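*Asks:* With the hints as your guide, set chain X onto chain H.
Protein chains: 2
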Amino acid sequence: MEYTEKQPKAIDLAHHLSDVSRARETSPLKDLARQFGRPGLISLAGGMPNEAYFPFASISGDILHPASFSTSNDDNEESISWFWKLFGGSRKEKTSPITIPKHPAKPDDINLTVALQYGTATGLPQLQKFISEFVEKVYQPAYADWTALVQTGNTDGWSRCLSLLCNPGEAFITEDWTYPSALAGSVPSGKLPVGVPMDDQGMRHDELRKVLEEWDEAARGAKRPHVMYTVPIGQNPTGVTMGLERKKAIYDICVEFDIIIVEDDPYYFLQMGKYAAQSARAPHAGFADPAGWLTSLAPSYVKIDYQGRVIRLDTFSKTIAPGSRLGFFTCNPVFAERLERIGETSTQAPCGFGQSLITQLLTTWQFDGYARWLQGLAAQYTSRRNSFIDALQSEFHLRVSVGTAGSWKDCVIYTASAKARRGDAMSEKAALFGQGKPLFSFVPPSAGMFLWLKFHWDNVPGFKEGDEDTLEMKLWKKLAKAGVLVVPGRFFASDEDEVSPVEGHFRISFSYASNEAFKKSAKILSEVVGDFFHHQS
Amino acid sequence: MEYTEKQPKAIDLAHHLSDVSRARETSPLKDLARQFGRPGLISLAGGMPNEAYFPFASISGDILHPASFSTSNDDNEESISWFWKLFGGSRKEKTSPITIPKHPAKPDDINLTVALQYGTATGLPQLQKFISEFVEKVYQPAYADWTALVQTGNTDGWSRCLSLLCNPGEAFITEDWTYPSALAGSVPSGKLPVGVPMDDQGMRHDELRKVLEEWDEAARGAKRPHVMYTVPIGQNPTGVTMGLERKKAIYDICVEFDIIIVEDDPYYFLQMGKYAAQSARAPHAGFADPAGWLTSLAPSYVKIDYQGRVIRLDTFSKTIAPGSRLGFFTCNPVFAERLERIGETSTQAPCGFGQSLITQLLTTWQFDGYARWLQGLAAQYTSRRNSFIDALQSEFHLRVSVGTAGSWKDCVIYTASAKARRGDAMSEKAALFGQGKPLFSFVPPSAGMFLWLKFHWDNVPGFKEGDEDTLEMKLWKKLAKAGVLVVPGRFFASDEDEVSPVEGHFRISFSYASNEAFKKSAKILSEVVGDFFHHQS
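Sequence lines, in order, name chains H and X.
First residue of the first sequence: 1, per UniProt numbering; consecutive thereafter.
First residue of the second sequence: 1, per UniProt numbering; consecutive thereafter.
The set of hints was computed from the structure by calculation and includes no laboratory data.
All figures in this text were calculated on a predicted structure; none of them were measured in a lab.
Please note: incorrect hints may appear among the correct ones.
Pairs of lysine to any residue, SDA-like flavour, derived with a Cα cap of 25 Å [stated by the list, open to error]:
(1) X:474 with H:46
(2) X:274 with H:46
(3) X:523 with H:29
(4) H:303 with H:337
(5) H:210 with H:249
(6) X:519 with H:41
(7) X:210 with X:256
(8) X:477 with H:474
(9) H:481 with X:50
(10) H:477 with X:118
(11) X:94 with X:399
(12) H:474 with X:39
(13) H:481 with X:287
(14) X:102 with H:365
(15) X:274 with X:399
(16) X:477 with X:535
(17) H:30 with X:184
(18) H:106 with X:93
(19) X:274 with H:50
(20) X:303 with X:204
This is chain H alone, in the form it adopts within the complex:
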């Protein structure tokens, strides 16, 4: 199969629609309006307030320059750059104004008369256009008649997909560890997650095949799943990223077992290079141009989706701001039409204030500017990841090894043990001889916001099987009391009963705090974890 060859049409996937989605009717009012809408027609149809009654004559924004952040991974330059940005140094951000007037000067201008009025659930035409061109250039879908459709963020996106594809009592495939809100939205409706074991590329294709081939409807209480929810890049919570080959392997299985893939990909543009210790880090100029950088990224599932069985979820939450509550689906037109109908009876179009400001930002920056902005963000997150792991390097003894088995086979693993602490003869001696007990291990992520620490509970004095849940929450509370808030791994389990008995996890986010806070929290972590593994009883 040549994955990237454009197909004229997606295969018929309408049989995947849920009962609810199938039962939805198109809106007769909107159909009529479409059919009869023409210049000069007096509309007394819609319950629309006249724009004279919108109390905003215009809205504006001061927007940053798309090159506000360096694309270099040179830490020195970078840390200076993000320090002054974070903590209001003397340098001032370079901004320029954008304005959205109530009435457009030219017909195609973004304006409040349209943006603040009722409209279709497809959103502002100028945004549709920008998004469609962006998808074509960046993700390069494998078939011709894909559709991009706005939503109000990927949580809304996934919620609509559940309504689109799943009936109550049906199961869906996901990673063993996953985004809790994805489950909080599905489980109450009787749409049940089935976790597939992961490795450093995310979901394992061999394990996926096993789950599907060995599916026992009677034992499981549900027919074999036909929907998959996956976060393939910078996965939440594990931080792992799936490359092209793994995606092809999983896609082929989904073709074989007729599974629709919902690709929730908020961290796509936060892809980084591999982590190297500070001493070994080569000053590195990054990609000279955003276009080169974009082509270096792991591709989306839609690039190999020759059958139109992928619904990609994009959000502006990580690239503009979470409060945007704006994102988009990329999928086949059959699904897109149904997703639009679901939107009409829930959120309708996304907020017009946000849509118009973001669209004006994007069309002002243009594609090249937005690509440059994204490249700058990726460099920032790279620097953040490096800084956090560097901080751990300062406070722990980090031993580097290559995994020989299990989910981290062939990965470069960092295993932390205690550094000698003054006045503690035991730890001094252990550290001196490199005999420190492994406390936790991690594989540095190459995308996203998260570091996923595995704790070696079996090294906690007096540990016995059955303690791990208690230990995770015990250590978590001690850390919170000492001043560092992380998230217990258990909250991300797609099936809590199947959580490994010996490993505990914390998810650590390096997306928000300052470098100084990283250093301080690494210090607190070393004190609290060290004590916990030494004295816990």
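*Replies:* Same frame as chain H, but now just chain X:
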């Protein structure tokens, strides 16, 4: 029962929760964050981008003065005022600037660092505060521990209520004619509307009792409904408004049969006085102050809701702009908590751009300013209603009568017949002797955006029962071709099979078009309808 006496607590209504709503879990991450959030704590928990990466340094708006529109119903002053506002006359709107900076100058200032970040589904604290005070002052809920909670508009609000209260296969009560999107969102999920006949006050309490008392579970295929969806003010599509006494009568029945009332009330502030013909219209100064005007309005169900069984839906779509995609629930705390959970897994918080701009507008105007703005809007819609009916007066012979039976008993009814047309001897003669056939009738609405025309198909030449659906669409198409778009009544039927055989309906919205367009469309209406009733075959 003393309805307005404050109760210490709502009765326990948790048994009304749907299976889905009951199964929802609270978010452990957010609980932890609430429990441990404190100054100085380093959070590495949330997957939040640092605000340094938000590309907006600030956003702003030019806002209208709250007294932009006259509160007088004097048509002359008014029509001048809305003409220049609508069509950009030489007078300029009076505006003042508001700005939302990224970082607040004072801790309580609205700012982008909070508004554009992830937050709880309860939205901006400053908005919560404004809304809560507004509800307390304006709607005066009958019990103490009511809660106001943001949503993204009343369509989202009703969609969440369906998820909160209804299981698939259950029925809910509504008006015979209702908002189509309310049904488009419920029917596909197997949540089925049961229409109750209406009169000029909306839903009839005697007919409601009849439906409930005579409910036959086996025949209906569903147990007796325990949810009601109602639009009590300026109802969509009929334009009718329910007064306090009818609300009390319906509320008492809902207590008796344990029904939760979802009060969708987008037109609440578009309440007007009664229509009088232009010649009989007294120049009228309106209420001197917004506070006096507010107390003159028909009360909300929450004012008599001593048991906490009302979920009120408010939206800013008609009072700020539809693109706001912002509104709020007012309901008991048990329902509010569940509605917040549903929000967390769908829309999350409303868009931060819209929330912050609207909150800044409201807190700049303050309560008194917003009340004044609303009073001005109500006067505008009064003037619009008057202008549209005046335009009909010019083109039709309107006979005034008082209803003696049926849904318009005791109402002042306007019945239109053709005016003499030049060169048409028949019509000249008929008009001369006042013998024009009734074409359509209406009761002028006292709230909202809509005029609901009933057509007398039995006066169409060659009419026979069974034709009415055809006639409605036939006339509708002729009108659209002639240049006027209205909405066929059939689209609003809660049960299409029970639509009356002799009456056809059009919903006409007077909210959007200009006075000139009203005159032109009345002329087109008279030509097309006149021809249709004269020559249709």
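*Asks:* Each hint needs a verdict: does it hold in this structure or not?
*Replies:* Consistency of the hints with the structure:
Only pairs whose Cα atoms come within 25 Å are accepted, and residue 474 of chain X paired with residue 46 of chain H is accepted, the gap being roughly 20 Å. Note on residue 274 of chain X and residue 46 of chain H: the hinted pairing holds, with a Cα-Cα distance of about 23 Å set against a maximum of 25 Å. Among the hinted pairs, residue 523 of chain X with residue 29 of chain H is consistent with the structure: their alpha-carbon atoms are about 24 Å apart, no more than 25 Å. For a cut-off of 25 Å, the pair hint linking residue 303 of chain H to residue 337 of chain H stands: about 21 Å separates their Cα positions.
About 13 Å separates the Cα atoms of residue 210 of chain H and residue 249 of chain H, which keeps this hinted pair within 25 Å; it holds. For the given pair, residue 519 of chain X sits about 14 Å from residue 41 of chain H by alpha-carbon distance, which is consistent with the 25 Å threshold. Straight-line distance between C-alpha atoms of residue 210 of chain X and residue 256 of chain X comes to about 13 Å, which keeps the hinted pair within the 25 Å bound. Between the alpha carbons of residue 477 of chain X and residue 474 of chain H the distance comes to roughly 71 Å, so the proposed pair goes past 25 Å and is violated.
At roughly 24 Å between alpha-carbon atoms, residue 481 of chain H and residue 50 of chain X fall within 25 Å of each other, so this suggested pair holds. For a cut-off of 25 Å, the pair hint linking residue 477 of chain H to residue 118 of chain X stands: about 24 Å separates their Cα positions. The hinted pair formed by residue 94 of chain X and residue 399 of chain X fails the criterion: a straight-line CA distance of about 43 Å is larger than 25 Å. Using a Cα cut-off of 25 Å, the hinted pair residue 474 of chain H and residue 39 of chain X holds, with the two alpha carbons roughly 22 Å apart.
Of the supplied pair hints, the one linking residue 481 of chain H and residue 287 of chain X is violated, its CA atoms being roughly 59 Å apart against a limit of 25 Å. Pair hint residue 102 of chain X plus residue 365 of chain H holds up; C-alpha atoms about 20 Å apart against a cutoff of 25 Å. Note on residue 274 of chain X and residue 399 of chain X: the hinted pairing holds, with a Cα-Cα distance of about 17 Å set against a maximum of 25 Å. Restraint check: the Cα-Cα separation between residue 477 of chain X and residue 535 of chain X comes to about 16 Å, which is no more than 25 Å; the hinted pair holds.
This hinted pair checks out: residue 30 of chain H and residue 184 of chain X have alpha carbons roughly 13 Å apart, not beyond 25 Å. In summary, the hint linking residue 106 of chain H to residue 93 of chain X is supported, as the alpha carbons are separated by about 21 Å, within the 25 Å threshold. Distance hint between residue 274 of chain X and residue 50 of chain H is fulfilled; the C-alpha atoms sit about 22 Å from each other, no more than 25 Å. About 20 Å separates the Cα atoms of residue 303 of chain X and residue 204 of chain X, which keeps this hinted pair within 25 Å; it holds.
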